[in-house]
Amino acid sequence: MNTAWLIAVDGSTPSLNAVDYAIVEAGSRAAKPLILLINVQAALSGDITRFVDAGTVEEFHREAGEAALVVAKEKLAAAGLPHSAHVLVGEVAPTIVEFAKDKGCSLIIMGAHGFGSVIGLVMGSITTKVIHLTDLPVLLIK
Amino acid sequence: MYKHLFVPVDGSELSHRAMDGSIELALQLGARITGFVVEPDLPLSTLSRDGGEFMDRVKNHESKNETHAGALLGQFEQRAMTAGVAFTAHKATAYRVAQTIVEAAEQSDCDMIVMVSHSRSRVGKFVFGSHTKDVIIDSKLPVLVLR
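Protein sequences, first through last, are from chains C and Y. Per the working numbering: the first sequence = residues 35 to 176. Per the working numbering: the second sequence = residues 366 to 512.
It should be emphasised that the hints constitute simulated quantities derived from the structure, not laboratory data. Treat the hints with caution; some may be incorrect.
Claimed, not checked - Taking lysine-lysine pairs in the DSS-like style, the calculated list, with each CA pair at most 25 Å apart, reads:
#	chain 1	residue 1	chain 2	residue 2
1	Y	Lys424	Y	Lys368
2	C	Lys176	Y	Lys505
3	Y	Lys498	C	Lys109
4	Y	Lys368	Y	Lys505
5	C	Lys176	Y	Lys429
6	Y	Lys456	Y	Lys429
7	Y	Lys498	C	Lys135
8	C	Lys137	C	Lys109
9	C	Lys107	C	Lys176
10	C	Lys163	C	Lys66
11	C	Lys176	Y	Lys424
12	C	Lys163	C	Lys135
13	Y	Lys498	Y	Lys368
14	C	Lys176	C	Lys163
15	C	Lys135	C	Lys107
16	Y	Lys456	C	Lys163
17	Y	Lys424	Y	Lys456
18	C	Lys163	Y	Lys429
19	C	Lys66	C	Lys176
20	C	Lys163	C	Lys137
21	Y	Lys424	C	Lys66
22	Y	Lys424	Y	Lys498
23	C	Lys107	C	Lys66
24	C	Lys107	C	Lys137
What the hints assert, rightly or not - Between beta-carbon pairs, the in silico distance windows are:
#	chain 1	residue 1	chain 2	residue 2	range
25	C	Asp169	Y	His496	54 to 60 Å
26	Y	His496	C	Asp81	48 to 54 Å
27	C	Thr47	Y	Leu412	41 to 47 Å
To be verified - Some, not all, of what chain C presents toward chain Y, calculated at C-beta under 7 Å:
#	residue
28	Ala64
29	Val86
30	Thr90
31	Glu93
32	Arg96
33	Ile165
Even glycine gets a Cβ: it sits at the ideal position worked out from N, Cα and C.
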């Protein structure tokens with residue numbers, strides 16, 4: 035059976051380290067897992083979307099998400115691993131968890147930020163939420 | 366690439382899941398396991414003016430810890446052996462549990478820490494917050510959180 039691994043990527047160094055780990059780990063397996071890269075864009079506030087048309091908002095999310103995914107996609111392509119990339123919009127942790135469930139993933143891989151950075155505080159809370167919300171194993175990479 | 370899993374256990378219901386989950390994972394990866402128990406140090410508040418009494422308390426605490434850690438690691442080893450997974454037992458006594466887990470994992474040359482998270486309950490969140498989260502923050506090694 036082919037397994038699928040989800041990697042949540044925000045473009046940060048830990049999230050790219052997570053991609054590197056997945057490449058090494060997947061490369062050592064006889065049956066290569068399908069790797070799903072996802073970037074979740076937090077929905078814009080209603081104060082903005084009220085004045086900007088839906089197409090522009092969608093375009094904005096798509097561009098920002100793809101910019102975050104570009105390096106990760108290149109890494110996987112260079113490693114020759116089967117993968118797909120997805121940009122989603124919504125509340126970050128539940129969106130990651132639901133997507134993993136829908137796609138039948140067997141593992142969620144995320145970058146773990148250290149203490150002491152603002153990103154670390156935000157990301158740390160997302161990691162914590164994902165761990166709480168999902169029934170899947172979560173692998174955290176620094 | 367993961368050949369040596371570091372699995373801290375504390376004797377709770379969850380740590381039994383950590384034992385079974387890590388053994389299953391070790392079988393899949395062909396990895397070995399180091400099981401680890403940290404016993405909390407006696408808090409300073411138990412210091413007594415009576416030196417003899419204090420020493421008795423310390424000894425009592427240590428022997429209780431020794432028995433608890435020994436029994437737990439014995440159980441873990443038994444399960445690992447039954448499954449055919451190589452197992453090393455390791456224990457420590459410390460004030461700072463999470464930090465001790467991280468240091469011990471790095472010193473014993475492990476390449477991944479495996480822990481179990483609690484359910485979504487409030488109590489679960491509280492308990493999860495106390496050690497697993499600190500380990501995630503402190504550890505340079507990858508941390509696998511199982512349910």
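For each hint, the structure was consulted:
{"no.": "1", "hint": "Y:Lys424 with Y:Lys368", "verdict": "violated (37 Å)"}
{"no.": "2", "hint": "C:Lys176 with Y:Lys505", "verdict": "holds (6 Å)"}
{"no.": "3", "hint": "Y:Lys498 with C:Lys109", "verdict": "violated (29 Å)"}
{"no.": "4", "hint": "Y:Lys368 with Y:Lys505", "verdict": "holds (17 Å)"}
{"no.": "5", "hint": "C:Lys176 with Y:Lys429", "verdict": "violated (36 Å)"}
{"no.": "6", "hint": "Y:Lys456 with Y:Lys429", "verdict": "holds (14 Å)"}
{"no.": "7", "hint": "Y:Lys498 with C:Lys135", "verdict": "holds (23 Å)"}
{"no.": "8", "hint": "C:Lys137 with C:Lys109", "verdict": "holds (22 Å)"}
{"no.": "9", "hint": "C:Lys107 with C:Lys176", "verdict": "holds (19 Å)"}
{"no.": "10", "hint": "C:Lys163 with C:Lys66", "verdict": "violated (28 Å)"}
{"no.": "11", "hint": "C:Lys176 with Y:Lys424", "verdict": "violated (40 Å)"}
{"no.": "12", "hint": "C:Lys163 with C:Lys135", "verdict": "holds (15 Å)"}
{"no.": "13", "hint": "Y:Lys498 with Y:Lys368", "verdict": "holds (24 Å)"}
{"no.": "14", "hint": "C:Lys176 with C:Lys163", "verdict": "holds (17 Å)"}
{"no.": "15", "hint": "C:Lys135 with C:Lys107", "verdict": "holds (22 Å)"}
{"no.": "16", "hint": "Y:Lys456 with C:Lys163", "verdict": "violated (30 Å)"}
{"no.": "17", "hint": "Y:Lys424 with Y:Lys456", "verdict": "holds (17 Å)"}
{"no.": "18", "hint": "C:Lys163 with Y:Lys429", "verdict": "violated (36 Å)"}
{"no.": "19", "hint": "C:Lys66 with C:Lys176", "verdict": "holds (23 Å)"}
{"no.": "20", "hint": "C:Lys163 with C:Lys137", "verdict": "holds (19 Å)"}
{"no.": "21", "hint": "Y:Lys424 with C:Lys66", "verdict": "violated (54 Å)"}
{"no.": "22", "hint": "Y:Lys424 with Y:Lys498", "verdict": "violated (31 Å)"}
{"no.": "23", "hint": "C:Lys107 with C:Lys66", "verdict": "holds (16 Å)"}
{"no.": "24", "hint": "C:Lys107 with C:Lys137", "verdict": "holds (19 Å)"}
{"no.": "25", "hint": "C:Asp169 with Y:His496: 54 to 60 Å", "verdict": "violated (21 Å)"}
{"no.": "26", "hint": "Y:His496 with C:Asp81: 48 to 54 Å", "verdict": "violated (40 Å)"}
{"no.": "27", "hint": "C:Thr47 with Y:Leu412: 41 to 47 Å", "verdict": "holds (45 Å)"}
{"no.": "28", "hint": "Ala64", "verdict": "violated (12 Å)"}
{"no.": "29", "hint": "Val86", "verdict": "violated (36 Å)"}
{"no.": "30", "hint": "Thr90", "verdict": "violated (37 Å)"}
{"no.": "31", "hint": "Glu93", "verdict": "violated (36 Å)"}
{"no.": "32", "hint": "Arg96", "verdict": "violated (31 Å)"}
{"no.": "33", "hint": "Ile165", "verdict": "holds (5 Å)"}
The earlier numbered hints that this structure contradicts are 1, 3, 5, 10, 11, 16, 18, 21, 22, 25, 26, 28, 29, 30, 31, 32.
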